[in-house]
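Chemist: Sequence:
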Amino acid sequence: MDEIIKYIEEIEEELISIRRDIHQYPEVGFEEHRTSQKIVDFLEELDIKVDRLAKTGVVALLDCGEGPVIALRADIDALPIEEKTEVSYKSKVKGIMHACGHDGHTAILLGVAKVLSKFRDRLKGKVKFIFQPAEEGPGGAFPLIEAGVLEGPKVDNIFGLHIEESLPTGTIGIQPKVGSAAADEIDILIKGKGGHAAAPHQGVDAIITASQVITALQTVISRQINPQKSAVISLGTINGGYKRNVIADEVKVTGTVRTTDPDLRKMMPEMIEQIIKGITLSQRSDYELDYRFGYPVLINSTELVQEVKGAIGSIPYVDDIKYILRSSMGAEDFAYYLKEVPGIFFRLGAADPQEDYYPGHHPKFNFDEKALKIGVALFVYITLNRIEE
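Counting in numbering that gives the first Met the number 0, the sequence shown runs from 0 upward without gaps.
Any given hint could be a false lead.
[Unchecked claim] In silico BS3-like cross-links for lysine-lysine, where the CA-CA straight-line distance does not exceed 30 Å:
{"no.": "1", "residue 1": "Lys117", "residue 2": "Lys308"}
{"no.": "2", "residue 1": "Lys363", "residue 2": "Lys265"}
{"no.": "3", "residue 1": "Lys89", "residue 2": "Lys363"}
{"no.": "4", "residue 1": "Lys190", "residue 2": "Lys127"}
{"no.": "5", "residue 1": "Lys54", "residue 2": "Lys153"}
{"no.": "6", "residue 1": "Lys363", "residue 2": "Lys37"}
By construction, these hints were calculated from the structure, which means they are not laboratory data.
Go ahead and model the full structure; you've got the sequences and the hints to work with.
Modeler: Now the structure itself:
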């Protein structure tokens, strides 16, 4: 393994250069044309078979003969956020930045491809490199699965990671079972009856009804759900009314519902609708509820966690393996892959204790680039653990 670590050290500056180039030219979901072309060009130089799937997705196969098939995934999309960092490689695209580390994920997986292609004689099996578009929305994992990314050859295990500014560089976070919450969307339309503000009794005030619904929905979390289970209803927008002296006839409220228990998730639409139905009935109003299921709960394979922890502990760069027992309430569409095949989604520590870091989706988000080689080593060691000759 010393030879592999030495090679990872040799390509570290190249990893940083790739990450910074991608960072300067960010692209949002299903528009990652420059990014995907850069990925294709890099992989073809390594003599790795490349295919394009799901518009801007790239899938490559390193075929090292008969044996297990391991998939490694990186998301490649950016966010519609105006960057406010002062780094030399700041985004050159107005209103778009890599504010969640996907530039790092992409550089890491390209680095893994380079390392494994160099040492392919040590492998007995196949490695699929999945460069996925649109994780930030509308979601690229499901279209890739529908396009057959987990077939031909059929994937046995899949691994992914996410850069974590909340963990110090050198730490690998593992959630032994539930890694991320499911995230669903709700649109609520409250229907009243318009009228003059001086005669509210002649109308049905949709604003009053909506305000009661908004407040009451929080009792779903506090009074209807086992407090030992995690769930959150967050309402992000409320729009209604025309003028200060007119009773509003409609109010639209939108938000998200997040749960970490698949069974609880199934119950949420009914519990939410019961609240809305009861309040609107009492206020002589009507309603429309649009509840849309989004990314599912991300569930890691506990068996795989046990099988690979020794390999992770042997990585020279890893100072600590942190078992995170609470799941993230953020959503991650890597969950779709884990519904099909066993795998693990890792949290890659990327915070230098000497620096101040901002959370993901912040216009000043950044991370410690020393984490890039650790991410490469993590994926390489995991792959060797599964399919080394």
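Chemist: Between the alpha carbons of Lys89 and Lys363, is the straight-line distance 30 Å or under?
Modeler: holds, 10 Å
Chemist: Is Lys363 close enough to Lys265, meaning Cα to Cα at most 30 Å?
Modeler: violated, 37 Å
Chemist: Quickly compare the C-alpha distance for Lys190 and Lys127 to 30 Å and report which way the hint goes.
Modeler: violated, 51 Å
Chemist: With the threshold set at 30 Å, check whether the alpha-carbon distance from Lys363 to Lys37 stays at or below it.
Modeler: holds, 25 Å
Chemist: Does Lys153 sit within 30 Å of Lys54, going by the straight-line distance between their CA atoms?
Modeler: Satisfied, since the Cα-Cα distance of roughly 21 Å is no more than 30 Å.
Chemist: Below or equal to 30 Å on CA atoms is what counts here, so check Lys117 against Lys308.
Modeler: At roughly 25 Å apart (the allowed maximum being 30 Å), Lys308 and Lys117 satisfy the hint.
Hints 2 and 4 from the list above are not met by this structure, while the remaining hints are.
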